[in-house]
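Take these sequences, add in the hints, and give me the full structure.
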Amino acid sequence: MKDHKPAHFNWRMDGAVAVISLNRPDRKNPITFDSYAELRDTFRQLVTADDVKAVVFGSNGGNFCSGGDVRDIIGPLLDRDMKGLIEFTRMTGDLVKAMRAAPQPVIAAVDGVCVGAGAMIALFADLRLGTPAAKTAFLFTRVGLAGCDMGACAMLPRVIGQGRAAELLFTGRTMSAEEGERWGFFNRLVASDALETEAVALAQKLAAGPTFAHMMTKTMLGQEWSMSLEQAIEAEAQAQAICMQTQDFRRAYEGFIAKAPPQFAGD
Numbered sequence: 058m059k060d061h062k063p064a065h066f067n068w069r070m071d072g073a074v075a076v077i078s079l080n081r082p083d084r085k086n087p088i089t090f091d092s093y094a095e096l097r098d099t100f101r102q103l104v105t106a107d108d109v110k111a112v113v114f115g116s117n118g119g120n121f122c123s124g125g126d127v128r129d130i131i132g133p134l135l136d137r138d139m140k141g142l143i144e145f146t147r148m149t150g151d152l153v154k155a156m157r158a159a160p161q162p163v164i165a166a167v168d169g170v171c172v173g174a175g176a177m178i179a180l181f182a183d184l185r186l187g188t189p190a191a192k193t194a195f196l197f198t199r200v201g202l203a204g205c206d207m208g209a210c211a212m213l214p215r216v217i218g219q220g221r222a223a224e225l226l227f228t229g230r231t232m233s234a235e236e237g238e239r240w241g242f243f244n245r246l247v248a249s250d251a252l253e254t255e256a257v258a259l260a261q262k263l264a265a266g267p268t269f270a271h272m273m274t275k276t277m278l279g280q281e282w283s284m285s286l287e288q289a290i291e292a293e294a295q296a297q298a299i300c301m302q303t304q305d306f307r308r309a310y311e312g313f314i315a316k317a318p319p320q321f322a323g324d
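Under our numbering, residue 324 is the last one in the sequence shown; the count climbs by one each step, no gaps.
Everything labelled a hint here was simulated from the structure, so no lab data went into it. Any given hint might turn out to be false.
[As the list claims (entries may be wrong)] Computed Cβ-Cβ distance ranges for the label pairs, DEER-style: (1) Phe313 with Asp71: 27 to 37 Å; (2) Asp91 with Ile314: 27 to 37 Å; (3) Gly150 with Glu291: 25 to 35 Å; (4) Asp60 with Val200: 36 to 46 Å.
[What the hints assert, rightly or not] Below, a list of computed lysine-lysine pairs in the DSS-like style, where the Cα atoms sit at most 30 Å apart: (5) Lys154 with Lys140; (6) Lys62 with Lys275; (7) Lys316 with Lys59; (8) Lys192 with Lys154; (9) Lys192 with Lys275; (10) Lys275 with Lys262; (11) Lys59 with Lys154; (12) Lys62 with Lys316; (13) Lys316 with Lys262; (14) Lys316 with Lys154; (15) Lys154 with Lys262; (16) Lys62 with Lys154; (17) Lys262 with Lys192.
Even for Gly, the Cβ is constructed at its ideal location relative to N, Cα and C.
Right, here's the structure in full:
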């Protein structure tokens, strides 16, 4: 997807890593109807994008995303009928479903404001790096809506625990960066001026690894939610047997014998 040129967000390729950010830094990067749809379509395209091995969803101008644009989204929703409203809420869910369905690891690099839909994009990434300035809020109840938005009630408890998730979703309060790291929302915190560099470096490391195996790992992390323990163990036995047929598995063995790092190719 080296020639991908989205109209409503920033996109660049850094080797095999796609780097995305929203492009309204003057307003802390709100998301609009158009950017929702274009992000959804882009992540859907990643399913067949062999040249993209990992994705970084970054910040811009010191902020990640200020949520749904008040002028572009919130106001117009007041005039929609139920059919129009459900079309919108299903589209927002389609974005995070597309993020989970993409085979590539997705890393959110969160600086500053990360609220509403922005918090959900970060939540549905596979890994999250934050800065000490990161302020994350699932503020749906503060605008008169339920906390169950875009899969929040399913995903957030799995990441930070049921009680902590319930507090954030009921109150809509801001989770500090320190809380986010301590609770497991952020994998680690880094300085703001090093955030994108660190995130891209992590993505490059993953991109240079056994990418078929990464896809399988991401798939199983999602599918095993609804399995019993016995089913999960059997599913992993089958998944691992598939990975044992890859050339990357052979390369790892040959590299070990030769005392040289394997050069993985994702096949």
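Index of numbered hints that the structure contradicts, given in increasing order = 2, 7, 12 and 14
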